[in-house]
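Trainee: Residue numbers (the numbering used here), protein chains in the order written: chain A, 4 to 116; chain B, 3 to 117.
None of these hints come from the bench; they were simulated from the model. Any given hint might turn out to be false.
[What the hints assert, rightly or not] Capping the alpha-carbon separation at 30 Å, the derived lysine-lysine pairs in DSSO-like fashion look like this:
1. A:12 x A:60
2. A:47 x A:60
3. B:75 x B:57
4. A:17 x A:60
5. A:12 x B:57
6. B:80 x A:47
7. B:80 x A:17
8. B:75 x A:60
9. A:47 x A:12
10. B:57 x B:80
11. A:12 x B:75
12. B:80 x A:60
[Said to hold, decoys possible] Some residues of chain A that are not near chain B, with every Cβ distance over 10 Å (derived):
13. 15
14. 16
15. 78
16. 97
Only a predicted model underlies this, so the values are computations on that prediction, with no experimental measurement involved. We treat Cβ as the ideally placed atom computed from N, Cα and C, and that holds for glycine.
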Amino acid sequence: NAGVTQTPKFRILKIGQSMTLQCTQDMNHNYMYWYRQDPGMGLKLIYYSVGAGITDKGEVPNGYNVSRSTTEDFPLRLELAAPSQTSVYFCASSYMGRAPEQYFGPGTRLTVT
Amino acid sequence: AQTVTQSQPEMSVQEAETVTLSCTYDTSENNYYLFWYKQPPSRQMILVIRQEAYKQQNATENRFSVNFQKAAKSFSLKISDSQLGDTAMYFCAFMNLSTGNQFYFGTGTSLTVIP
């Protein structure tokens with residue numbers, strides 16, 4: 004049981020490039036989330052999904068896109084990368100029930116130069 | 003939107019001593035959860051403890067306990083017998099059951115345990 008896995012662990016992008024951050028969970032969780040964590044700050048929600056085929060915006064969605072075609076996968080797409088997107092990105096999942104806490108992946112450190 | 007406030011950016015404690023981290027939140031909801039997460043230098047977010055708003059009894063997990071004051075919207079974390087491995091960032095988080103399990107995080111408290 005790997006939990007929540009994210010790839011890549013590190014990435015450097017040039018301004019204007021695009022990339023996809025991958026996230027997979029093997030716990031059969033229905034909810035999945037993407038956060039960004041800027042230095043010295045807490046986590047801010049980018050997008051979330053309550054099930055396959057359903058996604059919704061969080062607090063800071065501009066510049067990002069998501070899709071959820073399966074229960075397991077929730078990729079985050081960055082289009083036209085900007086320096087303001089330099090951050091650490093976390094994927095998380097949860098199951099709505101008696102234990103609704105979120106389980107986090109190890110994070111992806113992204114630098115846009 | 004919900005807000006979560008952690009007013010102590012940094013704290014330190016001697017090994018084996020007790021420390022309390024503060025958290026306040028603002029909500030008009032009645033049905034929610036509160037969490038404390040630990041983020042060590044490895045960056046991994048680790049759940050420390052969970053509290054359901056409808057439960058009056060404070061949650062406890064080994065050396066970690068909370069003081070949940072619902073009327074005051076306060077949710078502090080007490081770490082007893084502090085260990086060097088407790089050195090980490092600690093984030094308080096609020097989850098509203100009516101908004102798709104969205105979490106709202108505070109800005110964190112950096113705790114250093116001094117040998």
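Trainee: If a hint holds in the structure, say so; if it doesn't, say that too.
Mentor: Here is what the structure says about each hint:
no., hint, verdict
1, A:12 x A:60, "holds (24 Å)"
2, A:47 x A:60, "holds (11 Å)"
3, B:75 x B:57, "holds (14 Å)"
4, A:17 x A:60, "holds (25 Å)"
5, A:12 x B:57, "violated (39 Å)"
6, B:80 x A:47, "holds (25 Å)"
7, B:80 x A:17, "violated (44 Å)"
8, B:75 x A:60, "holds (27 Å)"
9, A:47 x A:12, "holds (19 Å)"
10, B:57 x B:80, "holds (18 Å)"
11, A:12 x B:75, "violated (37 Å)"
12, B:80 x A:60, "violated (34 Å)"
13, 15, "holds (17 Å)"
14, 16, "holds (19 Å)"
15, 78, "holds (19 Å)"
16, 97, "violated (6 Å)"
In summary, the numbered hints that this structure violates are 5, 7, 11, 12 and 16.
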